[in-house]
Amino acid sequence: MSRGKHSKSKEGAQPKKKTGHPVLRWIGYVVFGVVYLYVSTSLWIFQGPFPALKGYLIDSLDATRHGYLLRPLSLYTLPESVIRQNALSEQLVTTTKPINDITRENFDTHDGSIQEITDKESLFTAYILLVKDPKRIKVVATKYLHQHGQTVSDMVKESGAVAGINGGGFVDTNQQGTGAYPQGITMHDGQLLSITGSTTQPQPVIAFTAGGQMIAGAYSLPQLRGLNTQEAVGFGPVLVQDGKAVTTESDEGRNPRTAIGQTADGTVILIVTNGREINQPGATYDDIKALMLKYHATIAANLDGGSSTTMVYNGKLVNTPWDVLGEREVSTSIVVMPESGKGGQ
Numbered sequence: 001m002s003r004g005k006h007s008k009s010k011e012g013a014q015p016k017k018k019t020g021h022p023v024l025r026w027i028g029y030v031v032f033g034v035v036y037l038y039v040s041t042s043l044w045i046f047q048g049p050f051p052a053l054k055g056y057l058i059d060s061l062d063a064t065r066h067g068y069l070l071r072p073l074s075l076y077t078l079p080e081s082v083i084r085q086n087a088l089s090e091q092l093v094t095t096t097k098p099i100n101d102i103t104r105e106n107f108d109t110h111d112g113s114i115q116e117i118t119d120k121e122s123l124f125t126a127y128i129l130l131v132k133d134p135k136r137i138k139v140v141a142t143k144y145l146h147q148h149g150q151t152v153s154d155m156v157k158e159s160g161a162v163a164g165i166n167g168g169g170f171v172d173t174n175q176q177g178t179g180a181y182p183q184g185i186t187m188h189d190g191q192l193l194s195i196t197g198s199t200t201q202p203q204p205v206i207a208f209t210a211g212g213q214m215i216a217g218a219y220s221l222p223q224l225r226g227l228n229t230q231e232a233v234g235f236g237p238v239l240v241q242d243g244k245a246v247t248t249e250s251d252e253g254r255n256p257r258t259a260i261g262q263t264a265d266g267t268v269i270l271i272v273t274n275g276r277e278i279n280q281p282g283a284t285y286d287d288i289k290a291l292m293l294k295y296h297a298t299i300a301a302n303l304d305g306g307s308s309t310t311m312v313y314n315g316k317l318v319n320t321p322w323d324v325l326g327e328r329e330v331s332t333s334i335v336v337m338p339e340s341g342k343g344g345q
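Here the sequence shown stands for residues 1 to 345, numbered as in UniProt numbering.
If you're looking for bench data, these hints aren't it; they were derived computationally from the structure.
Taking lysine to aspartate or glutamate pairs in the DMTMM-like style, the calculated list, with each CA pair at most 20 angstroms apart, reads:
id, residue 1, residue 2
1, Lys97, Asp242
2, Lys132, Asp265
3, Lys143, Glu327
4, Lys294, Asp242
5, Lys316, Glu158
6, Lys294, Glu121
7, Lys120, Glu277
8, Lys132, Glu116
9, Lys157, Glu339
10, Lys138, Glu339
11, Lys138, Glu116
12, Lys316, Asp119
13, Lys244, Asp101
14, Lys244, Asp287
15, Lys132, Asp111
16, Lys132, Asp119
17, Lys143, Asp154
18, Lys138, Asp111
19, Lys138, Glu158
20, Lys244, Asp265
21, Lys138, Asp108
22, Lys138, Glu105
Work out the full structure: start from the sequences and follow the hints.
Written out as structure tokens, the structure reads:
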């Protein structure tokens with residue numbers, strides 16, 4: 001009897017289902033969720049009815065020299081024509097003073113001081129260096145030119161400078177933003193270090209002559225040589241000319257910024273701002289113009305910004321660069337050399 005019951009119970013038993021490991025199931029759910037979120041967010045931003053949001057993201061990535069990410073982030077739905085249309089390189093020229101209208105200056109000062117200022121605004125904080133002797137300003141390029149960049153800290157240290165900020169932009173052919181190829185015309189001590197584009201046609205440049213005079217606008221290499229240019233980097237746009245703010249077509253939104261200017265007595269103004277923080281989104285071009293005029297700039301121009309924005313002074317980082325990897329490698333820096341005959345400030 002018991003044998004029969006045992007047999008019946010065995011026949012009625014359901015086969016045990018095989019189930020996967022719960023950890024693997026959760027990993028699968030997470031992967032699916034991440035992929036779904038990535039695809040839906042990309043389509044929502046780049047193909048949705050929010051052109052302002054799409055434009056802001058394009059401008060922001062280009063301003064931080066990460067434009068190469070736009071294609072994969074858009075799932076390759078964003079045409080190259082749209083990226084080029086919004087490219088920062090297309091917006092680097094605002095105004096150019098004719099060569100014949102430039103009054104040649106030779107600043108010969110015995111004041112080698114550097115004044116450090118922190119200017120706290122409502123939406124950003126500006127870190128400013130006022131360098132009295134403009135002939136202390138030099139352009140330094142990465143020693144790994146056409147391979148990869150260097151940090152501003154490294155370039156300042158290796159050049160023996162006392163201060164420095166990031167300089168011009170870069171146009172890496174591998175689209176990885178490594179700082180290998182400086183944008184435009186790059187000069188140091190009167191020698192051409194690198195050039196992209198035409199050698200005879202004007203292109204955006206920020207330069208200093210042998211007399212310590214700052215030049216900014218669209219100029220050709222022969223024109224720069226005619227001005228006895230010693231130092232140059234490619235970037236822009238011009239923000240202040242002849243002591244007045246210059247109209248800029250695009251403000252590129254709020255970002256970390258780097259800019260350089262000069263006063264009537266030759267003092268060089270170096271400015272970096274923070275940005276992309278919860279309570280401090282950054283500065284606009286108009287903000288930088290106002291700052292430059294506040295410190296009496298007669299000429300000023302925008303330098304590479306975003307995650308490239310860096311200032312070093314007396315061996316320390318003055319600002320906190322906006323990049324997940326820390327201080328970014330860039331192509332060029334604008335540095336302040338020690339006073340003539342001195343090893344320090």
